[in-house]
Structures are given as C-alpha cells and as structure tokens.
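Chains H and Y are the protein sequences, given in the same order.
Its first residue numbered 0, the first sequence is counted upward by one per residue in numbering that gives the first Met the number 0.
Its first residue numbered 0, the second sequence is counted upward by one per residue in numbering that gives the first Met the number 0.
Fair warning: there could be bad hints in the mix.
Stated by the list, open to error - Derived DSBU-like pairs: lysine-lysine, alpha-carbon spacing no greater than 35 Å straight-line:
| # | chain 1 | residue 1 | chain 2 | residue 2 |
| --- | --- | --- | --- | --- |
| 1 | Y | Lys-71 | H | Lys-84 |
| 2 | Y | Lys-43 | H | Lys-84 |
| 3 | Y | Lys-13 | H | Lys-38 |
| 4 | H | Lys-38 | H | Lys-57 |
Because the hints were derived from the structure by calculation, they are not lab data.
From a predicted model like this one, the values you see are computed outputs, not experimental measurements.
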Amino acid sequence: MIKKTLLFFLMLVLMVPIGCAPTLSLYDQYAYTQTTSIKVDVLNLMDLATEDYQSHVKDITSVNTEIQKMYEYDKGRTKDSLTIKQWNILVDPKNLYGRFLNDWKTSGHLSATFIGDKKTNVTAAFDEIVKLENGKNRAK
Amino acid sequence: MGQINFEDIFNSLKQGVTGLVQTTVTGYATQAEADGQGLLSQMKANLQTWTTQLLNNEITQAEFTENLDDEKAVCQMAALTQLGIAEATLDNFKSGIFSLIENTVFGLL
Numbered sequence: 000m001i002k003k004t005l006l007f008f009l010m011l012v013l014m015v016p017i018g019c020a021p022t023l024s025l026y027d028q029y030a031y032t033q034t035t036s037i038k039v040d041v042l043n044l045m046d047l048a049t050e051d052y053q054s055h056v057k058d059i060t061s062v063n064t065e066i067q068k069m070y071e072y073d074k075g076r077t078k079d080s081l082t083i084k085q086w087n088i089l090v091d092p093k094n095l096y097g098r099f100l101n102d103w104k105t106s107g108h109l110s111a112t113f114i115g116d117k118k119t120n121v122t123a124a125f126d127e128i129v130k131l132e133n134g135k136n137r138a139k
Numbered sequence: 000m001g002q003i004n005f006e007d008i009f010n011s012l013k014q015g016v017t018g019l020v021q022t023t024v025t026g027y028a029t030q031a032e033a034d035g036q037g038l039l040s041q042m043k044a045n046l047q048t049w050t051t052q053l054l055n056n057e058i059t060q061a062e063f064t065e066n067l068d069d070e071k072a073v074c075q076m077a078a079l080t081q082l083g084i085a086e087a088t089l090d091n092f093k094s095g096i097f098s099l100i101e102n103t104v105f106g107l108l
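Construct the entire structure; sequences and hints are all you get.
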C-alpha cells in the first residue's frame, strides 16, 4: 500500500515537467485591443483604394507600421505561433491584405465593388485572429 | 495521517476525468461543429454575391478568383483558430486533472 502511494506521488511529480506545460500562450488584453484597433485602421485604409495609390502612400505606411508592431509583439510572446501564422497569411502578398496592397499599387486604384469584397474577407481574417486571442486561457 | 487506499483514490480520479471530458472536450466538439456550419453558411452567401457581381460585369474573372483565394486563406486562418482553441481547451483539461488530483488526495487525508 505504501509503495503504491509513493509511486502515485512520484508519478505526479514526473508528469508536471514531462507533458503538462501549457501548449498555447495565455490571453493578452493588449494583443486583443491592438488587433481590433488595427482591423479598423486597415478597413478604413481599404476604403481609400478607389483613389490613387500614390496619394495614400503615407497612410499605407502608417497602417503597415502598426501591423509590424503588432506582429513583433506577438512574436515575442511564448507559444504564440498560431497567431503568428495567422498574421503571416493576412499580410502574405498572395492573400488578403498583402495582395490587396499589391493590387492597389499595380492598378493605381480599385473598384468600390471589389474593395467591398476584399473587405469582407479581410474582416473575416481579422475576426479569426481576434477569436483565437479570445479563446486563449486567462491567467489565474 | 490515516490509511490511504490507492484504488479508491484512482477510482475517484477516473470518475472525475469522465466529468471533465463532459464539460470541456465534449463542449468544444459541439462548438467546433457549430463554427464549421457557420463558416459554410458564410461561404455560400459570399459565393452568391461574387457570382452575381461577375455576371453583371461588376468584377473581373481575376477578381472573382482572388476572392476565392481570400476565402481559402480565411479558412486556413479559421483552422488555426480551431486548433488554438482546442489547445487551450486541452491545457484547461490538463490543469483540471491536477486540481482534481489535489482535491481528491487532500480530501482523503
């Protein structure tokens, strides 16, 4: 009986470092707030794409800098690789916001209809980042 | 400290784990299914809109294709969200097991 009890407590001690560390970062209020704020800035910027790209370079740079700051912040968090992957998809030149900027730069300006379509998907993309952040465990 | 019956502790833990599964993992599975259905409904509405726009020459074929590519990208992001929420749920579940062990063992002392 004593042997079983000792074995039980030994198992407990061993289980903690082996496989019981959290696998995902905890919820971060700053990340949540900043992401929702950047979402609004990006969507507002997208509305400007009916106008000439060159006349909004400053606005584009400003929004991109905000995204870069957020990306670096998330990169600095431990076990936050899933959120980083989401940011990478969002800004990839082949997808969503990254592709939108390329389109705008290449075409000079875009139609309001197409901008509306892009905004629908960019909104959904940001919502996924926010949803993931919101789904993380809170610090106890 | 009195005698501790390990088999009683272990049986109690097994019952506790079953309870945790019902309140954590099962709950997630239901949520995941609901999210999947929601995503599907969202895609259907977008496809309808883009097809109409294409037929009315409001967007080009290239833009239509780009919209589909974006939709795929959003699906990838949604999959990452689901994975993350599953990991968070599992973390919570593991944490619950340790609390259960502690409460069960200390409750018997």
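Outcome of the hint check:
The suggested pairing of Lys-71(Y) with Lys-84(H) holds, with an alpha-carbon distance near 15 Å, which does not exceed 35 Å. Under the criterion of a C-alpha separation no larger than 35 Å, the hint pairing Lys-43(Y) with Lys-84(H) is consistent with the structure, at around 26 Å. Annotation: proposed proximity of Lys-13(Y) to Lys-38(H) is violated, straight-line Cα distance about 45 Å (limit 35 Å). Restraint check: the Cα-Cα separation between Lys-38(H) and Lys-57(H) comes to about 18 Å, which is no more than 35 Å; the hinted pair holds.
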